[in-house]
Amino acid sequence: MSLTKAYWRWDIESDLVEGGEFLESLFKLNGDNETIHFKEAIRPQLKEEERVLLKDHFNEHVESKGEIPFRGETTHLFGEENEPVSVLWFGEVIRWSKEGKPLQMAGLAKKKVDKPLRKKLSKVEAFLFFRLMDHLNESIFFKDLESRFIRINKECARKFGLDDPSEAVGKTDFDIFGIEHAQEAFEDEQRIIATEEPIFQKVEKETFADDRTKIKWASTSKLPLYDENGELIGTFGITRDITHQKSIEESLRHNDELFTKLSELAPGFLYLHEVDVDGNVSFPFVSDGIKEMFALPPEAIQNSFSPLMKKVHREDLKRVMKSISESVKNATEWDCEYRIIHPEKGWRWVKGKAKPEIQEDGSLLSPGFITDITEIKAVSEANAELKQQFQSVFNTVPNLIFVKDGVGKYVMANDAACKFFGKEREELLGSTDLDLGVPKEKADMFLEADAEVIETKAPQFFSEIKTTLANGEDVWHQTIKVPFQQTGTNKPAVLTIVTDITERKQKELELNETLDIIGDQNKRLTNFAHIVSHNLRNHAGNISMLLTLYDTDESEEEQEETLGYLKTASDRLNESINDLNEIVDLQQKTINQHKEVNINEYVTKTKEVLLTEILKHNVTFEEDIPKGLSLEYNPAYLESIMLNLLSNAIKYRKPELNPIIGIKAYEEGEHTFFEVSDNGLGLDLEKHGEKLFGMYNTFHGNENSKGIGLFITKNQIESMGGKISVESESGHGTTFKIRLK
Amino acid sequence: MSTAKNICIIDDDKVYTFGVKKIIKNHLPQNKVTSYENGRIALEGIQKAFDENLPLPDYILLDIDMPELNGWGFLKEFEELRGKMDKKIEIFVISSRVENNTHLLFKMEWDDKVSDFIRKPVNVERLKEILV
Chain A
1 MSLTKAYWRW
11 DIESDLVEGG
21 EFLESLFKLN
31 GDNETIHFKE
41 AIRPQLKEEE
51 RVLLKDHFNE
61 HVESKGEIPF
71 RGETTHLFGE
81 ENEPVSVLWF
91 GEVIRWSKEG
101 KPLQMAGLAK
111 KKVDKPLRKK
121 LSKVEAFLFF
131 RLMDHLNESI
141 FFKDLESRFI
151 RINKECARKF
161 GLDDPSEAVG
171 KTDFDIFGIE
181 HAQEAFEDEQ
191 RIIATEEPIF
201 QKVEKETFAD
211 DRTKIKWAST
221 SKLPLYDENG
231 ELIGTFGITR
241 DITHQKSIEE
251 SLRHNDELFT
261 KLSELAPGFL
271 YLHEVDVDGN
281 VSFPFVSDGI
291 KEMFALPPEA
301 IQNSFSPLMK
311 KVHREDLKRV
321 MKSISESVKN
331 ATEWDCEYRI
341 IHPEKGWRWV
351 KGKAKPEIQE
361 DGSLLSPGFI
371 TDITEIKAVS
381 EANAELKQQF
391 QSVFNTVPNL
401 IFVKDGVGKY
411 VMANDAACKF
421 FGKEREELLG
431 STDLDLGVPK
441 EKADMFLEAD
451 AEVIETKAPQ
461 FFSEIKTTLA
471 NGEDVWHQTI
481 KVPFQQTGTN
491 KPAVLTIVTD
501 ITERKQKELE
511 LNETLDIIGD
521 QNKRLTNFAH
531 IVSHNLRNHA
541 GNISMLLTLY
551 DTDESEEEQE
561 ETLGYLKTAS
571 DRLNESINDL
581 NEIVDLQQKT
591 INQHKEVNIN
601 EYVTKTKEVL
611 LTEILKHNVT
621 FEEDIPKGLS
631 LEYNPAYLES
641 IMLNLLSNAI
651 KYRKPELNPI
661 IGIKAYEEGE
671 HTFFEVSDNG
681 LGLDLEKHGE
691 KLFGMYNTFH
701 GNENSKGIGL
711 FITKNQIESM
721 GGKISVESES
731 GHGTTFKIRL
741 K
Chain B
1 MSTAKNICII
11 DDDKVYTFGV
21 KKIIKNHLPQ
31 NKVTSYENGR
41 IALEGIQKAF
51 DENLPLPDYI
61 LLDIDMPELN
71 GWGFLKEFEE
81 LRGKMDKKIE
91 IFVISSRVEN
101 NTHLLFKMEW
111 DDKVSDFIRK
121 PVNVERLKEI
131 LV
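If you read the sequences in order, they're chains A and B.
Numbering follows the numbering used here, with no gaps: position 12 of the first sequence is 12.
Numbering follows the numbering used here, with no gaps: position 96 of the second sequence is 96.
One or more hints might be untrue.
To be verified - Computed Cβ-Cβ distance ranges for the label pairs, DEER-style:
1. 621(A) <-> 107(B): 49 to 55 Å
2. 685(A) <-> 54(B): 33 to 39 Å
3. 107(B) <-> 571(A): 31 to 37 Å
4. 87(B) <-> 511(A): 55 to 61 Å
5. 87(B) <-> 567(A): 34 to 40 Å
6. 21(B) <-> 511(A): 51 to 57 Å
7. 621(A) <-> 76(B): 28 to 34 Å
8. 570(A) <-> 54(B): 34 to 40 Å
9. 76(B) <-> 511(A): 39 to 45 Å
10. 87(B) <-> 611(A): 51 to 57 Å
11. 463(A) <-> 107(B): 49 to 55 Å
12. 611(A) <-> 76(B): 51 to 57 Å
Everything labelled a hint here was simulated from the structure, so no lab data went into it.
None of the values given here were measured: they were computed from a predicted structure.
We put the CB at the ideal spot given by N, CA and C, even for glycine.
Bound conformation, chain B alone (with noise of 0.2 Å):
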């Protein structure tokens, strides 16, 4: 068992989230959930957990469709930031848009910053497999 880590998930869906920390609380207790509803709402909480210093996630499950700002949209505007921290945040991209055909599409064009794209629905053993 690792140090405890912090996961943050941003997705507008409430059912979701909820299972998601559910699945985490019960498999991966040590770890510290947080939760954002779209993008923007997740960037201006990560820009004051950076600003208070107080603990930055560690990996983000990021949803695609979602209003205000979109996944995309957080990728592109969490550069900035991302890049003033020292500390190395894994990105999972996890939305039902991920298919088969376009998962290539999508690791090509953020291969970088995003560490994997999974598909949802996401079962336990998956997020197990990612988030140890």
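This is chain A alone, in the form it adopts within the complex (with noise of 0.2 Å):
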């Protein structure tokens, strides 16, 4: 017994198997015998487990090329005591054929030292199997040669929709089963025992005869049966319920399927960026989207984005760089907008976004897209230039526009609405009218109108309110109330746009006033070409009577009387044309000739034109007049004008008092005030106050008075835009008291 291992080699196509002294003795090999097959003699001797499992470890060996060593386990009844032993089994293919098939294998088969304890154990063996075909989660069967149940385990009663596995004795898959599944796997098994070759995890689709619809996957392994002396009795295998994984499988394929599509369709292209702990940078994988966006094919970046880079825009690239490496750094999102240039397209704004993930073995995937975003870009960058050309329009436009909401409450103000109420916007939004100091009565009619407008959903129109601000200044407002809807919300608001007119309605209100004084003069003027005419009609007649007197006079003194009142007629003529052309001449100067005048100048120089009705009349003055002031104004009419109320006052003096005049002068707001009073005659102004500045009125019986000084000075006065008004008593004096300007 010193042989304990033999060399062996055995050549497949001819199933000739050579080998040493160990081997024959073992298979109990006559050593005459020149010629040894396997299949005749030596398969029919292993035991059927050790020959399958012979037969996979073979098959690993082939399937692998060789790579997976073949090796195996035997049992034998050895020698003349037939003393049980365990022989190890190693070898290699030797010779391929050109199509990969094993032509020639060769190794060692070497007695195991250790006694196997099969034989003792094989009870034990069998309670412990049986255990175990029934606690699998697999289907075990067996089947004889006509591929009917002997034996299944419980896992595939159960499937089976049986109660006990005994009940399948004697049954076909063709009553388990779906004919299709039924068939095929019974050819299976045919084939297996026609060939004695099993089949290992075919997948397999089954139907079932009782419910058509139930379809499960199943991967199946099916071996010859053989019984105690190796005679093929027929088949088994087990089966694995792989439904949930063929789910999962279909799932996955199908999702891969539609994320190809989808990045087939999606704008820009996807990808898969990984960056090993090595730092080894690679993309496993890359949408075809690249190929229109970075006229690069995929492959380009297969292991750098180097290329990807060098289509980055100069200026930007450092940016892109430094986001991508922050990204990897520290694992956050990456997310940047930039340039690239296109051979085709020119210069394109993409943006890139990914989100890396650290996997278990350290290394970094990042999935993430990039996009064309140029177009977007054109179109924000248009929006974001509008909104601040509008918000600038916004806020510098006169125009107060705000917007209140339903209540009342300021949602929206432009500068100029801030700057109205005095308030900082962020004071100004959230108020109602009456929190900014609105009057109620007014509060109240803006929000009536506002709910008017909200309900109506028509605008609202204003064209005069007048307020009058605090510092007592009135303004006027023109306001257009529409219909708004505020952003984020669909609650109703109004858009309020107010113009202010004041400028516009003081203009208008001072037209009012010239046209009144238009009116006024015009009415004089009227009534002065009634005068005039008359005026002039009656010293015409007294002439053309006194001419004809002259002729009738029969003495030389009487001829002499007569030419004395036709001079005086005459006169009287002359005068009233030269009334005329004062008039005429006062309506025709215009404003334009002004000149710095210095009221007390003028008031020396009037005084010196009346000097001797001053000196002959013992007239006093008492005078207050601010040294420096002046006025923009028409000199000429100054002078006349003070010359007049002068005259006028030195004239209708009390006989038996000694005149007092007062002259004052002095600015009071925009306007520059003349007042000239006296201590003479005073007027009953309720009986003569219209008549005062009209023509030849005069009251006193005065032989100077010609009744036109008044009439002119009033002219004078209101063609510059002033006013004259009279306080007067009869035998109280008289105040003339004169807006200049």
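Hey, can you piece these two chains together into the complex? The hints should help.
Here's what the structure looks like:
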């Protein structure tokens, strides 16, 4: 018993086996036999399970092209004493066909030192085997040569819908499964029986006889079944339900397809970026979109993103690199907008986004995408610009523009509106008119108008709203209210646009005043025209009458006298014509003939003109005129006005009193005032007030009063935009108050 | 020729007054003429004559536009005095105010108080017509 090992060689095509003495004695082969066939001489001597295992190992070895070494173990009854021995088999294919089929195998068979326990433990083994079989999640079945079930395990019975495994005995797959699967399984088994070749892990689609809609996926291995004597008695196998895996696989495949399709549709391209623990960069996945966006094939960036970076705008490159390295370093989201050059399209704006995830092995996987945002960018830039422009218009217009919600709270206001209320925007927003100090009556009116705008959805227009400011100044506003939708909410609101029309209104009022004055002047002029025409007619009539009388006068003295009256009449006619000239002149003189005039100077000048009268009547002046007080005025008018007023004050003195004349000038607001008061006769304003400034009205029976002075004075003052008023009482002096400008 | 009449001129126009006086002196020499510068002085004068029983005017030639008290004012104020007198006094308003369109208006308002409205300037013939 010195032989414990033997080298062997097996020519697979011819099935011839050569081996050493150990092998011969192991299989009780006659050494004289020239040829030993594996199938005839050796295989029948192998125990079924050992043979299956050996075949498995062989298949593994062949499929791996020899990488997985062939090894096996067999047990034998050895020698005269039929001593049980275990033999270990080592070997490899030593010759392959061109097609990769094994042609020849060689190896070593070696006696295992340890004795196998198989025989002693076979009962225990059987127990364990059945335990295992009935508690496996896999279906195990044994079939006879006609593919009838001999034995199945509990799991298999459960799968077949049987209460007990024994119920399956004698049944075939045709009783259990749909015909397609049963037929296929039957054919597989018959082939195994014919060839004694097992089938491993065949994926099968199982349909069922009782429920045609039920489909299960299974992975089945089937092998030939031998009895103790190595007699082929059927098949056995194990089936694992892989329906779940299959569906996962199915959905994975589906997802994969979907993903590929979507990535084709997605603007720009999708990618998977990997940085391994050693810092090597690769792109395991790049969608085809890269071709269009970067004019690069997906393969170009398999192991490096430098082809991508070469396309980045120089000004953006640093920023892009930095953002990527930060994202990789911190495993934070990458989000970057930058420019790239495209060979046909030129510069494009793109946006990249990726979400890195640290993998278990420490590598970093970033799924990401890059998309072209050139158009979006252009639109958003245009929008931003538009918004900017709108904002600046909104805030530069002098109009008050604001939005109030349904309960009258300000929700939006431009600079002008804030300025009007003297509030910061933050203060203004959220306030109501009442909060802002708008009088209740007015606030209610606005609120009511807003409610109506919201209700009728129709704009409201207020052509004129007068507001008196805190400083007493009046302002006028024109207001338009239109329905407005608050951004972000569906709540109705009212947009109000307010235009300050104060200036226009003031002009209008001034114009009205001017119109009044002009109307007045017109009236007076008409009146004047009448009076003049009467006067002229009177004088002409008188002259004509006197001439007739002159003709009939008999004495020279009489003629002399008539001639004297004729001269008077002629003088009066002249005077009337002069008056007429003066008034026409007054109307024609334009306001433009202005000059800086000093009031003090003009008072002095006027007094010089009236010097004779002043001395004659012993007039005293009480003056109160600021030295530097001057204004833009028509000098001829000022002279005329002063002359008229001062000479009137002297003219209508009380005969018994020395005249005292007060002259006062002062500024008040924008206006310059000039006052002349006297201690003279005064006049009854109730009686004469209206006629005071008319033409040819005299009230004192004074020789010198022609009655045209105040008429002209009033006209002069009013044509300069001023006003004259009088305070007087018969016998108590007169005060003329003039607003020069 | 009727008896001598008292003619009163109320007018602030001295030239006119002179002319009318002269015409009356030349053409109706038997008549006596008084003149006042305005309504106020005239009222005072006539009142004085009435008070002192002096001759009162038969005719008054009244101007409208005058200082102090004009023609209309005189007419109103004279009413009272006129009522006290048992003498018929004819008043003629002689003024450049009298024109075609105002003549009728004046007449309507003053018909019972004023004999006629005559437009200035007045000529000799028209004066004779009135005063005879």
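Verification of the supplied hints:
1. Between residue 621(A) and residue 107(B), the C-beta spacing of about 53 Å keeps the proposed range 49 to 55 Å intact.
2. Restraint check, residue 685(A) to residue 54(B): a C-beta distance of roughly 37 Å satisfies the suggested window 33 to 39 Å.
3. Look at residue 107(B) against residue 571(A): about 35 Å separates their beta carbons, and that is inside 31 to 37 Å.
4. Range check, residue 87(B) to residue 511(A): Cβ separation about 60 Å, and the 55 to 61 Å hint holds.
5. For the hinted restraint 34 to 40 Å between residue 87(B) and residue 567(A), the CB-CB distance of approximately 39 Å keeps it satisfied.
6. Taking the beta carbon of each, residue 21(B) and residue 511(A) are about 54 Å apart, inside 51 to 57 Å as hinted.
7. For residue 621(A) and residue 76(B), the Cβ-Cβ distance of about 42 Å falls outside the hinted range of 28 to 34 Å, so the restraint is violated.
8. The hinted range of 34 to 40 Å is satisfied by residue 570(A) and residue 54(B), whose Cβ atoms lie roughly 37 Å apart.
9. For the hinted restraint 39 to 45 Å between residue 76(B) and residue 511(A), the CB-CB distance of approximately 41 Å keeps it satisfied.
10. Here the CB-CB span from residue 87(B) to residue 611(A) is close to 54 Å, well matched to the stated 51 to 57 Å.
11. A beta carbon spacing of about 51 Å between residue 463(A) and residue 107(B) agrees with the range 49 to 55 Å that was offered as a hint.
12. Checked against the given bound of 51 to 57 Å, the beta carbons of residue 611(A) and residue 76(B), roughly 44 Å apart, lie outside it.
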